[in-house]
Amino acid sequence: MHPYNRDVSLFAWRALRGYPTRTILMLIAMAIGVAAVVMLTSLGEGARRYVTNEFASLGTNLIIVFPGRSETAGVNPSTMMGETPRDLTLDDALALTRNYNVQRIAPINVGAADVSWQNKKREIAIIGTNHEMLAIRHWQVAQGKFLPETDLDRATSVCVIGSKIRQELFGPQRALGKWLRIGDRRFRVIGIMGSEGRSIGVDVEDTIMIPVASAQQLFNTPSLFRILVEAKSRDAIEPVKQFVIDTLQKRHQGEKDVTVVTQDAVLATFDRILGALTYAVGGIAAISLFVAGIMIMNVMLIAVSQRTAEIGLLKALGAAQRQIVILILVEALLLSALGATAGLIVGQLGSMLIRHAFPLFPAYAPAWAIATAILVALLTGLLFSLLPARRAAKLDPVTALSGR
Amino acid sequence: MISLQHIHRDFQVGDQVVHALDEVNLEISAGEYVSIMGPSGSGKSTLLNLIGLLDRPSDGHYLLNSEDVTTLSDKEQAETRNRQIGFVFQAFHLVPRLTAAENVELPLMLAGMPPEERKPRVTQTLESLGLTDRAHHKPDQLSGGQRQRVAIARATVTEPKVLLADEPTGNLDHKSGDDVINVLESLNNKGITLLVVTHDHELGERAQRQLKMRDGCIVSNQLNTTGHASL
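Just so you know, the sequences run in chain order A and B.
Per the working numbering: the first sequence = residues 1 to 404.
Per the working numbering: the second sequence = residues 405 to 635.
Calculated from the structure, these hints are not laboratory results.
Treat the hints with care, as some may be off.
Stated by the list, open to error - Below 20 Å or equal to it, Euclidean Cα-Cα: the simulated EDC-like pairs (lysine to aspartate or glutamate) are:
1. A:Lys394 to B:Glu480
2. A:Lys394 to B:Glu483
3. B:Lys479 to A:Asp396
4. B:Lys594 to B:Glu531
5. A:Lys256 to A:Asp271
6. B:Lys594 to B:Glu436
7. B:Lys565 to B:Glu431
8. B:Lys565 to B:Glu427
9. A:Lys394 to B:Glu471
10. A:Lys250 to A:Glu238
11. A:Lys145 to A:Glu205
12. B:Lys616 to B:Glu431
13. A:Lys394 to B:Asp478
14. A:Lys120 to A:Glu238
15. A:Lys164 to A:Asp246
16. A:Lys178 to A:Glu123
17. A:Lys232 to A:Glu132
18. A:Lys394 to B:Asp459
Isolated chain A (complex conformation):
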């Protein structure tokens, strides 16, 4: 560093130390601004990552098929006749297995039914599905085994229950092998789900899974709620999606009456929404930086008027206007830099605390937010001290020094 620059920094540093109250107040203002940006963006980013993780736990290379079509594709005979879309059936699901790129499929049927054992009874969400569901959703069975590998249309009377239901219905007693009453049918408990299987929409601990054909009988409906299709690889997702659309169109007399979404598409949408949220929250926090900048301007203006004699003196000792401007700017810049550093530390500690309190929530401030916060802090500090600095430079040393 050029010796003069070091002198200026040193001079500014001593000026800051010379007025501790003012300096500390400004540091706090700046620190709050930066800390707000860091913490709020880390919350936004945490939410984004949380949702992304949850979606990843939904399964990999997933294609989700559901009945009905959300887009309007022009006018066709069915719109005129007000025809409702065809149901998804087990045969549809079966047809989807006939492709090289399809790893496995799981039809899903959902409903709620009264479940009872001895004198205990409550209403529980029931999922009808097949044995592939376990692999698709990366679930773990805690005790016993999952639904047996049978033909899709075979309605066996077995069920797999969540750990919470096991606790509520059986308490300390052994649940495996017991017969539960679900609706008007009886099912034998063959497995209990682990507690780690928790993902969006489904709380595995609080559901009962039965074979899909049994669920169709139980709810008296031939239609499916969803079909999950797992492609063999990431590259296979698109061909499989096309295959699903083509196959179902063929089976439904040429009507495109299903919606097929890939998990990636859903994920991308959430990613975009939550990304925008992070930006918005960061922007709101940036306003507090702006306010801190205005505070710096006010305080620097006061500092300049407090120090008219000193500035006049510097002029008398041979400081050009430019030198005075630089001195004031360096002082403001030093102040903003210190404030930003303090704010960064506070903000990072804050997000660390959040992560500590909610271990599932990955609240890390994104790098861009930290960089922007520091940059904005320095820029506002600089920008808002330009006016006070120029005023100081224009100061009339004659009147400043005649104060006696």
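Assemble chain B onto chain A, guided by the hints.
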């Protein structure tokens, strides 16, 4: 050394124009000891500020070392102030958070002199003014006389040709005042041009040349045969 030609300085006060300086002509040679006296508002401080390049005349020319300094840019004026002119003020105007040595160092720092060159000059200047043991004291730990001596050290550390003192004893008791005057006069003996603005007749009469001002004009300009040179 200093040559003022047809200098006018007007101030706008409300809708009235005040002639702080009205057709001032003055020649001061190198090494002179000049006092400027006059009642408040007579223009003596304005004159001193003009000579010190802290103010610009409304009209007229100011030659310093035969160079017209009225037309210099702000930066050039600042440099000239730094190298050629030293100021001593009534209120000392030391920077309170800096030590005596750091206060003395300020003009050298503003001139961009590297620290290793500054330190010996500061030490030497402080020593010549008997302030060596006070070098690391803050202004509030110094007596009035010591503060003014630090201010003189600061004004002279750049080895200026001209020393301008505006009521240098105004805030001091009699003994410290005498002490400060002795320091200033001994600097004058070593060749510096000394200009002192004062109300104090006793002080003013010590100068070789006495200017009396009234209403922005120099009304009397007399050489003093009984000045301190003969003391």
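- Query: Where does the structure disagree with the numbered hints, that is, which hint numbers, in rising order?
  - Reply: 5, 8, 9, 14, 15
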